[in-house]
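Engineer: If you follow the hints, you should be able to join the two separate chains into one complex; please do so.
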Amino acid sequence: MTSLKLILKNVRKNIRDYLIYFLTLMLSVSLFYAFNSISDQPAFSEMGMTRTFLYDQLGIMLSVLSVLIAIVLAFLIIYANQFLLKRRKKELGIYMMLGMKKGRISRIFAGETMCVGLIALFTGLLFGFALSQALSLVALKLFAIEISKFQVVFSLVAFKKTALCFVVIFLIVMVFNIWSVSSVQLIDLLTASRKNESLKNTGRVLSILLFLLSLACIITSGVLFFQNGILPTRKNMSFQIASFALIIGTLLLFYSLSAVLVQVIKANKNVYLKGLNAFLVQQIGSKIRTNYFIMAVVCGLLTVTICAVSVGVSTALAMNELAQTSAPYDLNVLSNIDIDGDGDMVDFLSACDVNMAEYAAQMEQITLYEADITYADLFAGQSVSWWPIDKNIPDTKISVVAFSDFNRALAMQGKEPVHLAGNQYLLNCNYKGTYRYVKAALENHPILTVAGIPLESASNEVLQETYFMTSVGNNDRGTLILPDALVSSLEKDVNVLLVLYKPETISDEVLQKMIPIGLDDTHGYRYAEKNMMYDMFYGLNALVSFLCCYIGLIFLLICAALLALKQLTETADNIYRYGLLQKLGAKKEQVNQALLSQTAVFFAAPLAVAGIFSVLLIQKAMEIVEDFMNLHISTNLMFTILLFLVVYGSYFLVTYLSCKQMVTERQNRRMEV
Amino acid sequence: MNDTILQVDDIQKYYGNKGNLTKAVDHISFSVKKGEFLGIMGASGSGKTTLLNCISTIDSVTSGHIYVEGKDITSLHGGQLSDFRGQKLGFIFQDFNLLDTLTAEENISLALSIAGVKPSQIQKQVKQIAESLNISEVLTKYPYQMSGGQQQRVAAARAMVTDPAIVLADEPTGALDTNSSRMLLTMLTELNVRLSATILMVTHDAFSASYCNRILFIKDGKIFNELNRGSDSRKEFFAKILEVVSVLGGEQNDLT
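One line per chain: the protein sequences are A and B, in this order. Here the first sequence stands for residues 1 to 673, where the numbers follow this note's numbering. Here the second sequence stands for residues 674 to 929, where the numbers follow this note's numbering.
Only chain B is shown next, with the shape it has when bound in the complex (with noise of 0.2 Å):
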């Protein structure tokens, strides 16, 4: 098991009080491998954005433990916490989620000098990653001056850059056009498949998912199904996921 990267053990996230309780995460257990690209199925509601903010320590778990590369995330506090974010995850929004006040350049380099990269380092790897994500030639603009695709394309660069355990992306093609989505997830995955980078997505969207490896089915907070690519080919995947989602009763149905 050396080379499991995260695994999700038994937890559970309530929220509200004794008298109206929302279990949206219910005794979920899970663990990725290193370099597998995951995705997180299910509809508005099923509690997978809350799960995806429990491992990304934005929110707390109620009970149970998440383990990144063996350490229980869950007991992390203060300091340890901003360390770990820094140096292990890297996020990806649904609405970027770029400073507007510094270019694309500075952007991803934030995250380097606050991961602590020296700085004669630093150019070097922003270099390399804009050239791998093709957003070499927007590095000097400011958000507002970029289009959406762009813009999430330098939010992937700024998670990828500082070579996390784990990238969470959290609906990252909710924004875009279908141009725009489709260009960002053949990156995730030519990402996924050089550099060996582990990625976590969650979305509601059966077409991004059939990018992923493997996706966890969630309905009620509860993991519902688990669907292996294998060999399968990206069409015959996504027709197993329409399937699944036909029976999960998600919004997908009226797409085939």
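Chain A on its own, in the form it takes in the complex (with noise of 0.2 Å):
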């Protein structure tokens, strides 16, 4: 009876026993590896300079999410292994019992963790390295970039940066473990069986207030977050004070919140006599008190995951709608009339070194102008409510583009030009914010007076062109297109430069002359090119999902093997209790369902907690990434719904199933005998 032999034989019963722990050590580690190996799939060297350089930034990124994530990862392996091992304490007591020196049972439970370690990273290579694959499949269309290119690769780096980051967790297992078994009594371990849970019970009271003020933390924070908003600030305490309140609040809240449903419930007499419901209401009230630090941090997790993944998924998704709609031009370049004046752009241009009649097949200089009245004024009567990023829009004033500006700039497009008679106006909208309002403006006061001359609408309709290109998609919130004459007495505003390539052109090379143009601070020129707008969609779009996915697949793989395992060992601790209730004559069906509610409940409790979490975290995100995208996104949940689903749901069943076969399991064997 070797050592190794022990070493293998338990191997295999730990991994039998807690394969929901080991399918997950083998996930994280396979989703550690695919990410991480994005970077090194070689069709990617093909893209243009916006992309490689988004594309630079998603590996930065990745890379450092990765090291976020291995110490999450880190985490939960260590936690899990602990009590793993308190459960093995009997198993500890027998050795130490027939003369087994604690070196070697040091030695041997570091080789148990060095196999199933070993095991994990290998299966989870493997499975990583097909999974990758997968992955990179993705990002080449996320990207846009010709699937042809796409080659099977094994990343070196990322198996490197993989094997390290795990083996440096196993072997802080190790030593944990190592340390565990040198610094436990004898005594305590043959007899760790037999004591009772030390139950904690603190008094109805003092729950209740417990809970009370739990609630008030988390309305604190709550407020605190609405007001100033879920990102620090130099300005104030007001991050910190409502994160703070919000951990206390939410760990106050698992730690009371069982004692106050079971003092709910056992008030209703109907309800808690009926069936199992006595049984089950405290087993799953003492499950969620004794399990309160993890219910909470599962709760934390979870939110972030909620939260990440909505976020990210929506913004994707706006983007990916905004790249549809077609840029029309390939560069406009913008100057601003009050840095630079009203000057030749071209001209302009060509002192930068930027000789464009050298690139431009049709080239158009087109001038907005900015009219006397104000958006608010266009809307009068209207009872508006803006996107939070369109706040001011109000008190801007309404650009105007000269009608013959107008044309020129639709025939660049090869589009019919409009009409307009002297005493006339149009609209253009193609802002979704804003279009209703056009539209009905529109409709409800056709006479509009600009610079005080009273003019009719030339159309019934508001027209949707693209006539210029702004650097985020092609927001014209509303545009009046004006006869020429009247728009000189307006005030002019920007120059537009429209520029459509010749087909040897090539876009780097004017993007890179371009860059420093638009980066220097004295001059008012911008530039919006639409290789690069295409990209930026892309590149943006792509960068977001895989981080998204990346951050919410692992947590909620750790969130539901943290449960899953918890909920698995419970029932084994308590099975007797079943086959107590079983011999009371409950039958197996009742036995099943109370089963099932409290699987249920034990994985629900920190969802729902989360979700509150989230829909107030969420909002707040969203308005931080308009703001800083300049673009509004409708929050879309549907793929988070179906992450969830998927992942957290198949965690629950896997769970609940082996619960019950556990406990049929432990029937079946007690009549045998």
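In short, the hints are calculated from the structure, not lab data. Cβ atoms here follow ideal geometry from the backbone N, Cα and C, with glycine treated the same way. Heads up, none of these hints are tricks.
Pairs of lysine to any residue, SDA-like flavour, derived with a Cα cap of 20 Å:
(1) A:Lys101 with B:Ser748
(2) A:Lys86 with A:Ile7
(3) A:Lys102 with B:Gly751
(4) B:Lys814 with A:Leu8
Per label pair, the in silico range of CB-to-CB distance:
(5) B:Thr677 with A:Val168: 50 to 58 Å
(6) B:Asn690 with A:Leu68: 40 to 48 Å
(7) B:Ala912 with A:Leu657: 52 to 60 Å
Residues of chain B placed beyond 12 Å of chain A at every Cβ, according to the derived structure:
(8) Asp676
(9) Ile678
(10) Asp683
(11) Tyr687
(12) Ser704
(13) Lys744
(14) Ser748
(15) Glu810
(16) Arg887
(17) Lys892
(18) Asp893
(19) Asn898
(20) Arg907
Structural biologist: In structure tokens:
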């Protein structure tokens, strides 16, 4: 009977008994490898500059995230290991009883950890290798690269990273194991199973007080977050206070929740004494109370997951939608007349070493004016609710473009010109946030007074043309098209140079020259380039979706694994109680029902609280993203819900089924003996 | 006094703190000779298991000394303690405490390999002990495939196979039915006679106790009475035990 044989036997048993833990380890390794390996796909070297830049960003963010995720994973693995070890106290006791020295016991446990770790690492890497190919394909699609350039690659860098990371984690676990083995007392080990859990029963009044306190904490933090946003500022301590209150509140909530619930249900005798409810309520109550810390941690992780995935996916979808409305020009250069004065933009560009004539097949310079009325005037009489990013629109003066400029712009796109008489106007708008108000304005008061001259609308329809590109999609929030004669009395705002490239023009070359001009703060020159915009859309899209899926999947896996593990081990501990229930005459279905409700509550409680937190936080997070990206995003929860259904749901299902099997198996064995 | 295997010298074991002190073992002294089958009886909470735990080095004594083969075991530490347990003690527990990842044979041989016996020797010894305990046919089975009686006999084999100075049995029949109990006790007696194994058994059951040569009765942490079987038959001894038990006010009052 060598140590090695013992180790192997124990490993086999452990993998069988804690399959969920092992699978989680394996999945973590594979996800870790797959996401880190994306950067090694050679097809990405084919990308344009903007995309390369974004792609580098992806690499950097992935490695930062990986460190974070490695830390969280380390927490999971060490935690799970510690409590699996606790469950093997008796076994440990027997070894000591038989006179095995602590050194050898430590070696056995370390050997086991190493074995389990190596198996998980190996299978995880194999699986991760397969996964990474699929992931690369998705990435190529998101970055809009031809699939034909795809190659099957084994990423040595990702492999090293994954191996290093998990070897370090397993080493820490090993040290933990050795340490806990060498610090135990034999008497505690052998009597461990006989000792009852010490139930800390906080009094009824105290638990209700704690419950109220927790609610107060959570509400306080909610109010603070709502008022001051969810980003830390140097101005005040709001963020710190709110976070602290939220953490304390969540901990207290789970600590006191069960006691309060049990009280409430107990008060209603009809419910409490029906079926197995009394058993069930107490069982669930004690479970939440004893595991309040883990519940709070899971709740926190779930909140992060829900927010990250929802915000990410919503952003990606919004970007995608925008990218689909085509960009009609290859390049737009904008110059702010307040700063640069009114001049020929081609001349300026030539001075900056950009000879537009060389690149352009067609060029037009148009001018945007500011009307003497604001959008608020235009929308007078309507009750308008603005998206947060559009809050200052009402005070903005309406953009105006001259009739001839507008037609020249359309002509470049190969479109028919519009018609306008001397006392008429047209409205153009293609921004979702304002379109319906513009349309309503046209219907409500077709007569519009600009520069003291009343004008009537030339058409009942609002035009939806894209006559110039801005850097973020085609957000024309509403433009008046006025006769040339009238326009000259208005103030000039921006000159726009519309450019269509010659077929042989290389867009990167132009972009390279435009970048310093765009960055020069002394001049008001900005530019929008078609390929760059596409790349931004696709790139950001890819970036965001990837990061969100990565975080979401890993955190979700961790949460589900923690809960599943807890539930499984606790069912194993309580198996005699279920046997007792059946001896008392409870039907098998009733016992299964009790098991199902228990598992469900255990999985649902943190999710429910996390859901409530998320509702608040998503909204705030969305506002930040909207501000940052300067576009409106409609929240899309479908993907999040789907992800949760699949991952969380399957863990729940597997847990319930294994618990059921555990209980039934036990009964059958009893009967045979 | 050469054949004294175990000598317990005025030991005490306290639990709790100053305000709430429990004397689980209160000045107990006795000695056990080689080849004795000693029973320790007492009601629940009388301190008998604590006494056993002290002797088995599972627990430490508050004061006093315990000598096994002349060696003071209360002063042992770390590795010495492990060696002592492995070579000098054999344990039989109420709930068997077999390793469920190992077969019966592996469970028994583990004790030998921990004690450092040569592999060639191990198989022979396991075979021998299995035959004498009548478990040869279950050697390849795992604990969960055996009956309780079989498991306890495997545990007994594991305890005996290293030829320990003393075998400590803590309510060995506690989880067994009458038949299995009887079988186990008969075998323990046989081992005691044939191999002159020294056995110390803690029990609260008069029937189990009647298999012993000598019985110590413990009440409130003190030795209350002592019975020697002498040349009595088991039946006579059993009757005597019951008498003492009824005086003790134990839980067996209703047995007769």
